[in-house]
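Engineer: These are the residues of each chain, in order.
2 protein chains.
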Amino acid sequence: MIITTTITQVQAQLSLARKKNKTIGFVPTMGALHEGHLSLLRRAKKENKICVLSIFVNPTQFGPTEDFTKYPREKKNDVLLAKKENIDIIFYPSEKLMYPPGYLTTVEIKNLSDVLCGRFRPGHFTGVATVVAKLLNILRPDTMYLGQKDAQQCVILKRLVQDLNFATKVFLCPTIREPDGLAMSSRNKYLSIAERKEASVLYRSLCLARDEIQHGIRNATRIRYLIEQNIRTLSHGKIDYVASVDAENLMPLNEIKGNVLLMVAARWGQTRLIDNIRITLK
Amino acid sequence: MIITTTITQVQAQLSLARKKNKTIGFVPTMGALHEGHLSLLRRAKKENKICVLSIFVNPTQFGPTEDFTKYPREKKNDVLLAKKENIDIIFYPSEKLMYPPGYLTTVEIKNLSDVLCGRFRPGHFTGVATVVAKLLNILRPDTMYLGQKDAQQCVILKRLVQDLNFATKVFLCPTIREPDGLAMSSRNKYLSIAERKEASVLYRSLCLARDEIQHGIRNATRIRYLIEQNIRTLSHGKIDYVASVDAENLMPLNEIKGNVLLMVAARWGQTRLIDNIRITLK
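Those protein sequences? They're chains S and G, same order as listed. Read in order, the letters of the first sequence correspond to residues 1 to 282 in our numbering. Read in order, the letters of the second sequence correspond to residues 1 to 282 in our numbering.
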């Protein structure tokens, strides 16, 4: 496994691979790897000759009051985990390499970036889209693997790749969950024991809603209310939003039909958690 | 010469070239080719095995009151000129190919885009940066050739390429001028005979200023005033701006020193013309 901190070095490695017609799978992360990330790495490794993992806690996707400085940085453990998965290359750039003095460019995905989580995290998705545009240009992978847990990010990055004509394919992989249903997230470790216990209410509420939909309920307001009430009744979580949207373009739905995302974001103290499930109705 | 209107076809051609280790030179244009464009094409052809010309009148870089619909479209003549220069590929995409339904992404170069011409053409440089980001991803040229006449565009696109880590080099080529000094531009054909006669005042005023600088004047306000007064005295052109800026970052200069751009934009009727000269002082 090669750990590179420079663009020249990572590109030299990938250029060699490309010359041998080896396909390149790419998993962009902020590190603090958990089973969710590992599932992406396994799939990337399985489907490609070369698997590249990037680890970069991207400052531009954090708001001024957010957890950039306290975001977990666990390089040693991340490297061990990556080694176990037989990852070929870790790209581990510095902030200065990614945003040198004089840096001025942003990539914005209109409409999709200022709704849902974007309403509570202004600038977040522009930061994400910009850093991923850079990583795609640096690494030029055949396929990028993203976790469905970050549903809005998935929609935005698919749009980015399509709109700016990147040659990379985007594969979305299922959310990996703890035994009680809580979606794996690097932020779960911020939770107290009591908060951690309550946090699984998000997934349970989404499943409850899915059950009701499967029993024939199609009124989206009623479905969202059900989720909200369930979270409020069973936990101290403060809801940012509960949404029912079209899975392709994130447009709000009044009626549950087609490809639907049920999405939720809630806070326990300073810790903000998100979750979603996708439902397909004919 | 191959004229392609699809991404698949142009990429197939370029992929073949790349496999044979042929370098690719690229000249992005909006067509209505003149000697300025041809000088870029000649240099691209001379320095590369393959020369690609793109012709696309990009709607997103025109403001709502600007000349998008009346911008000259001269496909037949452009093809003839390109053939004469032994261009290998013309990429001639449709608006729908570049901006299909659902398109949402923009690339913005902060600070550089809302000054000078950007102040008079809001959104213009975001449109330019976005379409060039797309073209660079579609074509992946080794080198892109730009004309120094569009000085602000040159600075912005160099920044774009550097900030988003495109693998393309950017070469700036000297402005080509009519015998009386007027910078070649597709918009010159909008001018009446009287306006056309007057328009060379822009370059003459810039040269006058350069002479004064060479005679020791360093006060930028005085230099700008000289240019303004000269244009006002000798023509009916309405000045948008006269500027003296750092050639690398477009920051305004109070003192003429280092790499300096003297820039000017003025209108004759609906026709907006720009020009600039670069001066290097130790």
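In case anyone wonders, no lab produced these hints; they're calculated from the structure. Ideal placement from N, C-alpha and C gives every residue a C-beta, glycine not left out. Check before you lean on any hint, since a few could be wrong.
What the hints assert, rightly or not - In silico lysine-lysine, DSS-like type, Cα no more than 25 Å apart, as pairs:
{"hint": "1", "chain 1": "S", "residue 1": "189", "chain 2": "S", "residue 2": "169"}
{"hint": "2", "chain 1": "S", "residue 1": "169", "chain 2": "G", "residue 2": "19"}
{"hint": "3", "chain 1": "S", "residue 1": "49", "chain 2": "G", "residue 2": "20"}
{"hint": "4", "chain 1": "S", "residue 1": "96", "chain 2": "G", "residue 2": "83"}
{"hint": "5", "chain 1": "G", "residue 1": "83", "chain 2": "G", "residue 2": "49"}
{"hint": "6", "chain 1": "G", "residue 1": "158", "chain 2": "G", "residue 2": "49"}
As the list claims (entries may be wrong) - Now the in silico label distances, taken between C-beta atoms and shown as ranges:
{"hint": "7", "chain 1": "G", "residue 1": "241", "chain 2": "S", "residue 2": "86", "range": "50 to 60 Å"}
{"hint": "8", "chain 1": "G", "residue 1": "246", "chain 2": "S", "residue 2": "97", "range": "19 to 29 Å"}
{"hint": "9", "chain 1": "G", "residue 1": "9", "chain 2": "S", "residue 2": "249", "range": "50 to 60 Å"}
{"hint": "10", "chain 1": "G", "residue 1": "162", "chain 2": "S", "residue 2": "83", "range": "50 to 60 Å"}
{"hint": "11", "chain 1": "S", "residue 1": "248", "chain 2": "G", "residue 2": "236", "range": "52 to 62 Å"}
{"hint": "12", "chain 1": "G", "residue 1": "258", "chain 2": "S", "residue 2": "167", "range": "37 to 47 Å"}
{"hint": "13", "chain 1": "S", "residue 1": "23", "chain 2": "G", "residue 2": "6", "range": "52 to 62 Å"}
{"hint": "14", "chain 1": "S", "residue 1": "5", "chain 2": "G", "residue 2": "280", "range": "33 to 43 Å"}
{"hint": "15", "chain 1": "S", "residue 1": "68", "chain 2": "G", "residue 2": "207", "range": "23 to 33 Å"}
{"hint": "16", "chain 1": "S", "residue 1": "68", "chain 2": "G", "residue 2": "280", "range": "33 to 43 Å"}
Unchecked claim - A few chain G positions that, by computed beta-carbon distances, are all more than 12 Å from chain S:
{"hint": "17", "residue": "16"}
{"hint": "18", "residue": "78"}
{"hint": "19", "residue": "92"}
{"hint": "20", "residue": "97"}
{"hint": "21", "residue": "163"}
{"hint": "22", "residue": "165"}
{"hint": "23", "residue": "178"}
{"hint": "24", "residue": "192"}
{"hint": "25", "residue": "208"}
{"hint": "26", "residue": "211"}
Engineer: State for each hint whether it applies.
Structural biologist: Do the hints match the structure? See the list:
1. S:189 x S:169: violated (32 Å)
2. S:169 x G:19: holds (21 Å)
3. S:49 x G:20: Holds. Residue 49 (chain S) to residue 20 (chain G) sits at ~24 Å (cutoff 25 Å).
4. S:96 x G:83: violated (45 Å)
5. G:83 x G:49: holds (15 Å)
6. G:158 x G:49: Holds, at about 23 Å.
7. G:241 x S:86: 50 to 60 Å: holds (59 Å)
8. G:246 x S:97: 19 to 29 Å: Hint holds: Cβ distance 25 Å, inside 19 to 29 Å.
9. G:9 x S:249: 50 to 60 Å: violated (29 Å)
10. G:162 x S:83: 50 to 60 Å: At roughly 34 Å between Cβ atoms, residue 83 (chain S) and residue 162 (chain G) fall outside 50 to 60 Å, so the hint is violated.
11. S:248 x G:236: 52 to 62 Å: holds (54 Å)
12. G:258 x S:167: 37 to 47 Å: Check passed, 40 Å falls within 37 to 47 Å.
13. S:23 x G:6: 52 to 62 Å: Violated: the Cβ-Cβ distance is about 24 Å, outside 52 to 62 Å.
14. S:5 x G:280: 33 to 43 Å: For residue 5 (chain S) and residue 280 (chain G) the Cβ distance comes to about 36 Å; the hint holds.
15. S:68 x G:207: 23 to 33 Å: violated (51 Å)
16. S:68 x G:280: 33 to 43 Å: For residue 280 (chain G) against residue 68 (chain S), whose Cβ atoms are near 41 Å apart, the range 33 to 43 Å holds.
17. 16: holds (15 Å)
18. 78: holds (23 Å)
19. 92: Given that every Cβ of chain S is farther than 12 Å from that of residue 92 (chain G), nearest at about 16 Å, it holds.
20. 97: violated (10 Å)
21. 163: The claim breaks: residue 163 (chain G) does not keep its Cβ more than 12 Å from every Cβ of chain S (closest is about 4 Å).
22. 165: Nearest chain S Cβ is 4 Å from residue 165 (chain G), so the label is violated.
23. 178: holds (34 Å)
24. 192: Per Cβ check, residue 192 (chain G) is outside 12 Å of chain S; nearest 39 Å; holds.
25. 208: Nearest chain S Cβ is 33 Å from residue 208 (chain G), so the label holds.
26. 211: Holds, because the least Cβ-Cβ distance between residue 211 (chain G) and chain S comes to about 32 Å, which exceeds 12 Å.
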